[in-house]
Amino acid sequence: MGMTMVEKIIAAHTEHETVKPGQIVNARVDMILGNDVTTPVAIKEFEKIGVDMVFDKDRIAIVPDHFTPNKDIKSAEQVKMIREFARKHKITYYFEVGRMGIEHCLLPEQGLALPGEIIIGADSHTCTYGALGALGTGVGSTDLAAAMATGHLWFRVPETIKFVYNGKLNKWVSGKDLILYTIGDIGVDGALYKAMEFTGEAIESLSMDARMTMSNMAIEAGGKCGLIACDEKTEAYLKNRAVREYTPYYSDPDAEYARVIEYDVSKIEPQVAFPHLPENTRPVSEAGGVKIDQAVIGSCTNGRMEDLRIAAEILDGRKIHPDVRCIIFPGTQEIYMEALKEGLIEIFIAAGAAVSTPTCGPCLGGHMGILASGERAISTTNRNFVGRMGHPESEVYLASPAVAAASAVKGYITHPEEVV
Amino acid sequence: MKLKGKVFKYGDNVDTDVIIPARYLNTSDPAELAKHCMEDIDKDFASKVEPGDIIIGGRNFGSGSSREHAPLAIKASGVSCVIAKSFARIFYRNAINIGLPILISPEAAENIEAGARIEVDLDTGTITELESGRTFQADPFPEYMQELIKAGGLIEKVKREVGQWQE
Numbered sequence: 001m002g003m004t005m006v007e008k009i010i011a012a013h014t015e016h017e018t019v020k021p022g023q024i025v026n027a028r029v030d031m032i033l034g035n036d037v038t039t040p041v042a043i044k045e046f047e048k049i050g051v052d053m054v055f056d057k058d059r060i061a062i063v064p065d066h067f068t069p070n071k072d073i074k075s076a077e078q079v080k081m082i083r084e085f086a087r088k089h090k091i092t093y094y095f096e097v098g099r100m101g102i103e104h105c106l107l108p109e110q111g112l113a114l115p116g117e118i119i120i121g122a123d124s125h126t127c128t129y130g131a132l133g134a135l136g137t138g139v140g141s142t143d144l145a146a147a148m149a150t151g152h153l154w155f156r157v158p159e160t161i162k163f164v165y166n167g168k169l170n171k172w173v174s175g176k177d178l179i180l181y182t183i184g185d186i187g188v189d190g191a192l193y194k195a196m197e198f199t200g201e202a203i204e205s206l207s208m209d210a211r212m213t214m215s216n217m218a219i220e221a222g223g224k225c226g227l228i229a230c231d232e233k234t235e236a237y238l239k240n241r242a243v244r245e246y247t248p249y250y251s252d253p254d255a256e257y258a259r260v261i262e263y264d265v266s267k268i269e270p271q272v273a274f275p276h277l278p279e280n281t282r283p284v285s286e287a288g289g290v291k292i293d294q295a296v297i298g299s300c301t302n303g304r305m306e307d308l309r310i311a312a313e314i315l316d317g318r319k320i321h322p323d324v325r326c327i328i329f330p331g332t333q334e335i336y337m338e339a340l341k342e343g344l345i346e347i348f349i350a351a352g353a354a355v356s357t358p359t360c361g362p363c364l365g366g367h368m369g370i371l372a373s374g375e376r377a378i379s380t381t382n383r384n385f386v387g388r389m390g391h392p393e394s395e396v397y398l399a400s401p402a403v404a405a406a407s408a409v410k411g412y413i414t415h416p417e418e419v420v
Numbered sequence: 001m002k003l004k005g006k007v008f009k010y011g012d013n014v015d016t017d018v019i020i021p022a023r024y025l026n027t028s029d030p031a032e033l034a035k036h037c038m039e040d041i042d043k044d045f046a047s048k049v050e051p052g053d054i055i056i057g058g059r060n061f062g063s064g065s066s067r068e069h070a071p072l073a074i075k076a077s078g079v080s081c082v083i084a085k086s087f088a089r090i091f092y093r094n095a096i097n098i099g100l101p102i103l104i105s106p107e108a109a110e111n112i113e114a115g116a117r118i119e120v121d122l123d124t125g126t127i128t129e130l131e132s133g134r135t136f137q138a139d140p141f142p143e144y145m146q147e148l149i150k151a152g153g154l155i156e157k158v159k160r161e162v163g164q165w166q167e
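Chains as they are written, first to last, in this note's numbering: chain F, 1 to 420; chain W, 1 to 167.
Chain F regions said to be covered by chain W (calculated; three or more residues, Cβ under 8 Å): (1) 40-46; (2) 70-81; (3) 114-124; (4) 185-193; (5) 378-389.
Calculated directly from the structure, the hints in this document are not laboratory data. Note that the structure is predicted; figures quoted are calculated from it, not measured. All residues carry an ideal CB built from backbone N, CA and C; glycine is no exception.
Start from the sequences and build out the full structure, keeping to the hints where you can.
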C-alpha cells in the first residue's frame, strides 16, 4: 500500500519507515514559529522545562505581527518580553517592526518554509506552508515551548482527503474563491483532524501566491494541513530563497485516501462567505448587494503581490465609495516595497484607500480598522466569526481581493466585472 | 477522578474568538482572561460560573485560532471539564497540554440540558446526569494522551524527558 504525502513527511521525521493514520508519533520539527500573542505564553512554559537554551537558534522564527506596531502598553510589554527572549537565545530569525511581515507571508518569502519539512507554529494559519509541500500546522503555546526546548513534538498521523480541481478558472476567480467554495462544500469541520491535499490542473495553473491563499484556509475546514505537491513553480519560487536543502515528498498513486472530492472549476464564480462562518458561502451574484462600511485587503491569506496587483487593477483610476473605508495591508516589507516600485501604492492612495505597514491588525479585531456595532466589512482575511473584526454585532464577509476592491468602489458587495 | 458541576451549554462551532476575543489577548494572565471568557456569546458566563462547572458544546468546539488563551480562560474561570460532540484539533491539543479535561461524547452533548448537574468520572469516561441518573459514555483517550494526562501535561512530560537526557 502506498503512502500519502503527509504520511511520508511525518515518517521521514521519525525513526519509523512507514506511519499510518491514527498513529501517534514523536517527530522532529524543521522550523518553529511564534508571534506576539502566542510566544509570551510559550516563554512562561519554556522556563519551567529546565533547559538553558533553545534546541537550535536557527530553527525558530519569532514574528511580532498581531498587535504591532504596538497598539497599547500591554502589547508593548508582550513584545518586549519576546524581544528579550529572542536576544537571550540569539534567535536568528527574529523580525522587528520595519523589517518584518505578517508571519505566513514572511516565512515563505524568507525561504524558511521548504518542501518536505515539518513546520509548527503557534498560529493556526501555519498551514499556509502546505502550498510549498511542507507539513505546516498550527499548535498552541505549550507545544511551542516544548518544541523550542527539544526540537520534537507529538503528532497524530492524519488521514488525507484529496481534492481534485479540474478545468480552467473563469476570469476573476482566484485561489480564494476555490478554497471558500471548498469550505462551503465540506463545512468548517469537513476536514477535522485530516490533511487536505489540493491537486488537479487548476491547482497546477495557480501562482504560488494563490496556492498559499488556499493552503492558508485549510484550518477553516478543520484541516491539519493543506498540501500542494512541489512542482517547477515551487522550485522557481524557492530559488535564491531557500535557506536549507530540502527533500520534496509526493503521494504514491496507490495511496489510501479517506475521501476523494472532485470539482469542475469552470462552474465556480467568485465566492463570498457570509457571517458568521467561513462555510456560509454564496456565489457573488447571489450576495444581494450587501452594503458595506469597510473593505480590508491584505492579511496572511491575501496580502501578497498578486493580491495587490488585482486590487490595483480594479482601483486604478477609480474612487473608493464615499461611505466606505478601504484599508490595504501589504503582507511584508518586501511586498510593500515591490508594490511601491510598481506604482500600486500610488494607485491605492489616489483611489482614497489607506495603506498600512504589515500587521495582522483588523483581521482578528486587534487594531487598525476595528468595526463598530452594526458595521459591515468585506475582507480578504480568513475568518468571519462573531466579533472577529470588532464589535460582537459587526459583520465580516470574506472574499477575494478582486471582489473586495470592486465592492469598495461600489459601496456594496459586487462582482468585479460590474466595475471593470 | 470525579468532577461535579452544573452545565453551561452551547451550540456547534464555538470558536476561540468567542471563548476569548482577541481584544483581550494583549495579556496572558489567566485570571484576567477568565473575566472575559465567552462574553461575546454569553455575557453572564463569567459572573455565573462556579468552580467545578462544566461546559457542553456541540460539534467542532474550539475552532479557529490557536490561542491557548482559550482553554486557559476556561480553566481559570473554574470550569472543570469540557464535553463536546467533537473538538477542533488545536484546541484539543492545547486542552490536553495544559491539563484541562475534555471529553468527546455526542450522546451527552445531545441529551444533557443547560443547568443540569452532572458528574464526570475521568478514569472511566462515564458522564452521569445526577437528577435523572442517566449515564453517557465518552470516547477513551488514545494511550499516548493518557500518558500525557497522567504526567500532568506536556511540560511536565518534557521536563522529565529532558531531566533524563541531562543525566
